[in-house]
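**Student:** Single-letter residue listing:
Protein chains: 2
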Amino acid sequence: MNAEIIAVGSELLTAERVDTNSLFLTDELNRIGVEVTTKYVVGDDRERLADTVHRAAERSEFVILSGGLGPTEDDVTRDAVASALDRRLIFHQPICDAIEQRFRAMKWKMPDINRRQAFILEGAEILPNDRGTAPGQWIDIRHCSVMLLPGPPHELKFMFQKHCAARIARRVPKLAIETLVLRVAGMSESALDELISPVYKKHANPVTTVLAHAGDIQIHLRARCTTPAQSLALLAEVGGQIELLLGDRIYSRNGDPLEVVVGTLLKKQKATLAVAESVTGGGLAERITTVAGSSDYFLGGFVTYSRKLKISLLGVLPETLEKCGAVSKETAEAMAAGARNRTGASHALAITGNAGPTTDGDDAPVGMVYVALADAAGTVSTHRQFNADRERVRQFSGQMALDLLRRRLLTPG
Amino acid sequence: MNAEIIAVGSELLTAERVDTNSLFLTDELNRIGVEVTTKYVVGDDRERLADTVHRAAERSEFVILSGGLGPTEDDVTRDAVASALDRRLIFHQPICDAIEQRFRAMKWKMPDINRRQAFILEGAEILPNDRGTAPGQWIDIRHCSVMLLPGPPHELKFMFQKHCAARIARRVPKLAIETLVLRVAGMSESALDELISPVYKKHANPVTTVLAHAGDIQIHLRARCTTPAQSLALLAEVGGQIELLLGDRIYSRNGDPLEVVVGTLLKKQKATLAVAESVTGGGLAERITTVAGSSDYFLGGFVTYSRKLKISLLGVLPETLEKCGAVSKETAEAMAAGARNRTGASHALAITGNAGPTTDGDDAPVGMVYVALADAAGTVSTHRQFNADRERVRQFSGQMALDLLRRRLLTPG
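Those protein sequence lines, which keep their order, are chains A and B. Throughout the first sequence, residue numbering follows our numbering, covering 194 to 606 in sequence. Throughout the second sequence, residue numbering follows our numbering, covering 194 to 606 in sequence.
Among the hints, erroneous ones may be present.
[Stated by the list, open to error] Below, simulated DSBU-like cross-link-like pairs (lysine-lysine); rule was C-alpha separation at most 35 Å, straight line:
#: 1; chain 1: A; residue 1: Lys463; chain 2: B; residue 2: Lys501
#: 2; chain 1: B; residue 1: Lys460; chain 2: A; residue 2: Lys501
#: 3; chain 1: A; residue 1: Lys394; chain 2: B; residue 2: Lys394
#: 4; chain 1: A; residue 1: Lys463; chain 2: B; residue 2: Lys522
#: 5; chain 1: A; residue 1: Lys516; chain 2: B; residue 2: Lys461
#: 6; chain 1: A; residue 1: Lys367; chain 2: A; residue 2: Lys302
#: 7; chain 1: B; residue 1: Lys461; chain 2: A; residue 2: Lys350
#: 8; chain 1: B; residue 1: Lys516; chain 2: A; residue 2: Lys463
#: 9; chain 1: A; residue 1: Lys300; chain 2: B; residue 2: Lys395
#: 10; chain 1: B; residue 1: Lys501; chain 2: A; residue 2: Lys522
#: 11; chain 1: A; residue 1: Lys460; chain 2: B; residue 2: Lys522
#: 12; chain 1: B; residue 1: Lys461; chain 2: A; residue 2: Lys501
#: 13; chain 1: B; residue 1: Lys463; chain 2: A; residue 2: Lys516
#: 14; chain 1: B; residue 1: Lys460; chain 2: A; residue 2: Lys394
#: 15; chain 1: B; residue 1: Lys395; chain 2: A; residue 2: Lys302
#: 16; chain 1: A; residue 1: Lys460; chain 2: B; residue 2: Lys461
#: 17; chain 1: B; residue 1: Lys300; chain 2: A; residue 2: Lys395
#: 18; chain 1: A; residue 1: Lys302; chain 2: B; residue 2: Lys394
#: 19; chain 1: A; residue 1: Lys522; chain 2: B; residue 2: Lys460
#: 20; chain 1: A; residue 1: Lys300; chain 2: A; residue 2: Lys367
#: 21; chain 1: A; residue 1: Lys522; chain 2: B; residue 2: Lys463
#: 22; chain 1: A; residue 1: Lys460; chain 2: B; residue 2: Lys516
[Claimed, not checked] Residues of chain A placed beyond 10 Å of chain B at every Cβ, according to the derived structure:
#: 23; residue: His347
#: 24; residue: Val392
#: 25; residue: Gly475
[Said to hold, decoys possible] Chain A stretches covered by chain B per the calculated footprint, using a threshold of three residues with CB under 8 Å from any CB of chain B:
#: 26; segment: 214-227
#: 27; segment: 263-273
#: 28; segment: 361-370
#: 29; segment: 494-504
If you are wondering where the hints come from, they were derived from the structure by calculation, not from laboratory data. Ideal placement from N, C-alpha and C gives every residue a C-beta, glycine not left out.
Produce the entire structure from the sequences given, and follow the hints as far as they go.
**Tutor:** Here it is in structure tokens:
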């Protein structure tokens with residue numbers, strides 16, 4: 194079964210705005226077993242929208258509109274759908290009363306224009322809006338269901354989940370959909386795809402999607418069979434083959450990002466962490482502390498952008514900087530040892546590198562990054578030469594450091 | 194004049210992917226004076242795409258397709274447009290030779306399927322692709338121009354700017370478009386809108402758009418008149434009224450973000466900066482160092498997530514933490530003074546706060562943030578109670594700190 198999603202609003206046709214409702218709706222629909230075949234963004238143009246709705250309703254089982262249900266002249270969704278489906282709009286006093294009540298609760302008087310929001314398509318069912326004034330509507334015509342949902346994401350999500358999802362699911366041939374998300378560090382997307390595509394390309398079910406972002410790769414598998422056991426068996430079969438090929442490069446099997454995986458390992462081992470950063474400029478610490486509860490294991494960090502601070506805050510020897518350079522194995526290891534030493538953390542990570550755009554006096558080429566880890570057993574390090582822009586070098590570097598720590602925590606001693 | 198933008202590819206109909214090409218194209222088209230009336234995302238479905246192209250070409254002056262020009266069976270754009278416009282596809286040997294040459298340069302043999310990329314619509318003009326294999330195409334039919342562009346953003350951008358933009362501009366009635374971007378810190382979006390909407394709502398030209406993101410607000414004004422002088426005069430008139438209302442809350446008039454504005458001020462005053470962060474966890478340093486060349490004024494920073502490190506690294510007195518709490522004016526000021534003292538920077542910023550989700554033993558409520566600045570003249574601080582989630586509290590806090598520094602640098606002494 195197919196769905197088409199129509200986002201309404203001229204503000205979504207600017208260079209700055211993206212329609213995100215359709216991503217949420219696509220995710221929900223796919224879970225239920227409905228494929229999205231076309232997405233639209235249409236401005237506040239009654240005729241154009243009516244034409245779009247008319248055609249979508251002719252060829253798909255579900256048409257979902259978001260936005261354009263506000264009280265102003267610009268809000269054309271009700272009128273356009275009425276015209277597309279050839280239905281009248283009927284004024285509903287109880288809806289008008291409910292809207293008036295909402296205003297009264299905030300001690301405001303309802304402006305007259307809000308009466309527009311109380312018009313309902315002939316034969317439509319009203320979808321209550323618990324988060325805003327505009328009610329949604331559900332209309333069944335022949336083989337197609339058309340939904341009018343509000344534009345604000347928190348209103349739309351709540352209404353869809355409460356009033357639409359189960360209802361759509363009842364019309365879809367029952368399929369048990371199961372998903373598996375594998376996350377991988379330390380590989381390029383092309384190297385990963387070369388390795389695993391011979392496996393997943395053999396299978397139309399589960400559907401496999403590979404998403405890559407600066408050293409972090411997600412592999413999504415979605416299986417659809419008639420029973421959950423069949424779906425899970427398919428996932429186990431195909432997922433198992435992929436896992437075998439990737440081995441310990443897989444850091445998560447439940448969607449958790451690397452900073453959460455590392456945090457969980459640290460907590461379990463009652464270990465603590467400190468960081469010393471140069472090229473990432475605080476980005477590694479920032480990423481670690483996006484995790485709520487990270488204060489349980491993360492003590493803190495140093496951003497030593499200048500050579501002077503590498504010496505005074507971390508105790509890197511001036512000779513090391515002089516002889517080996519700020520971007521070197523020796524400096525990285527001295528930074529990690531210094532961070533561990535000065536904070537009392539059980540583990541310390543350090544990153545030094547050159548993200549460009551130019552090499553500033555140092556000999557290290559743009560894109561060269563060294564990462565080091567200090568713990569009770571000593572100091573280890575690794576390096577890579579990236580060929581990417583400043584921002585991506587910084588992201589790659591953080592991923593590299595966290596993965597070094599993950600591997601260490603998995604094989605301690 | 195109107196344009197419709199069609200992104201082609203089933204991968205763009207997943208819950209994870211967004212079509213970003215249309216944002217770039219919208220920006221370019223708006224600059225030229227063309228409005229975008231509808232955007233589509235269509236899967237790899239020949240008939241559906243042909244139908245979409247056919248209707249778009251009937252009602253708009255420009256139809257721009259991106260993607261679906263690859264060599265595989267899934268790449269349906271050429272076929273679909275041929276069918277929509279009722280044109281034949283003709284094989285072009287020179288294009289095939291050029292693609293083969295690209296492969297040879299990488300010491301690869303061209304796969305046979307790549308011949309598909311050498312088919313051109315009857316009467317179309319070839320748009321060379323300097324960044325990839327698939328050439329673009331430009332077809333004029335009656336009142337409409339249809340463009341087929343490659344999907345990868347860096348190929349599309351280059352091709353559009355080099356081969357399409359000027360050509361579209363020649364067909365558009367000459368209007369001089371001028372823009373002004375004002376950026377504002379330290380206000381909520383609603384407070385700002387209440388203040389300035391009475392001004393900008395009176396004017397359809399310039400068009401004003403307000404974009405807000407966690408304490409950072411952008412006001413875009415776009416004026417379209419027959420001469421540049423007229424456009425600039427309009428911008429000066431309306432922009433001037435807005436500037437008067439907002440005063441020194443405007444931190445930038447050229448689109449520069451706050452970290453760039455502060456960096457420029459520091460550089461000009463030969464000042465240097467260090468930071469000490471708790472709640473933002475490295476995010477402030479990270480943001481400052483996104484600016485290439487920030488090493489000229491940014492020395493480094495401390496992430497002191499634990500009380501112990503606030504004492505050992507920054508010299509905050511245990512009594513201060515005990516008596517006033519880690520989230521307090523006193524601790525923030527001691528952190529700033531400590532960071533300045535230990536790094537030798539002329540200016541130091543400190544942030545301490547509670548981003549939630551829970552208060553951990555400390556008395557400070559979730560969302561409370563203190564920001565302090567230390568310089569030669571002493572220490573100042575400010576605080577705010579945010580009502581937002583963890584991530585937004587962290588973003589707001591960084592904005593607050595940078596704006597405190599900006600104001601100080603503007604009125605030194």
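**Student:** Straight-line Cα separation of Lys463 of chain B and Lys516 of chain A no greater than 35 Å?
**Tutor:** 29 Å, holds
**Student:** Given the hinted pair Lys461 of chain B and Lys501 of chain A, is their Cα-Cα distance within 35 Å?
**Tutor:** This hinted pair holds, its Cα atoms lying about 22 Å apart.
**Student:** Sort out whether Lys394 of chain B lies within 35 Å of Lys302 of chain A, counting only the CA atoms.
**Tutor:** 23 Å, holds
**Student:** Need the status of pair Lys460 of chain B, Lys394 of chain A: alpha-carbon distance at most 35 Å?
**Tutor:** With a Cα-Cα distance of about 55 Å, the restraint between Lys460 of chain B and Lys394 of chain A is violated, given a limit of 35 Å.
**Student:** So if I understand the rule, the pair passes when the alpha-carbon distance is 35 Å or less; does Lys395 of chain B with Lys302 of chain A pass?
**Tutor:** 25 Å, holds
**Student:** Has the given pair, Lys460 of chain A with Lys516 of chain B, been kept, meaning a C-alpha gap of at most 35 Å?
**Tutor:** 30 Å, holds
**Student:** Counting residues of the segment 263-273 of chain A whose CB is closer than 8 Å to a CB in chain B, do you get three or more?
**Tutor:** Violated: only 0 residues of the segment 263-273 of chain A have a Cβ under 8 Å from chain B.
**Student:** Can you confirm whether the C-alpha distance between Lys461 of chain B and Lys350 of chain A stays at or below 35 Å?
**Tutor:** With a Cα-Cα distance of about 49 Å, the restraint between Lys461 of chain B and Lys350 of chain A is violated, given a limit of 35 Å.
**Student:** Does Lys300 of chain B pair with Lys395 of chain A here, judged by a C-alpha cut-off of 35 Å?
**Tutor:** 29 Å, holds
**Student:** For Gly475 of chain A, which was marked as not at the interface, is the minimum beta-carbon distance to chain B over 10 Å?
**Tutor:** 3 Å, violated
**Student:** Does the structure keep Lys300 of chain A and Lys367 of chain A at a Cα separation of 35 Å or less?
**Tutor:** 48 Å, violated
**Student:** For a C-alpha distance cap of 35 Å, please report whether Lys522 of chain A and Lys460 of chain B respect it.
**Tutor:** 31 Å, holds
Of the numbered hints stated above, those contradicted by the structure are hints 3, 6, 7, 14, 16, 20, 25, 27, 28, listed in ascending order.
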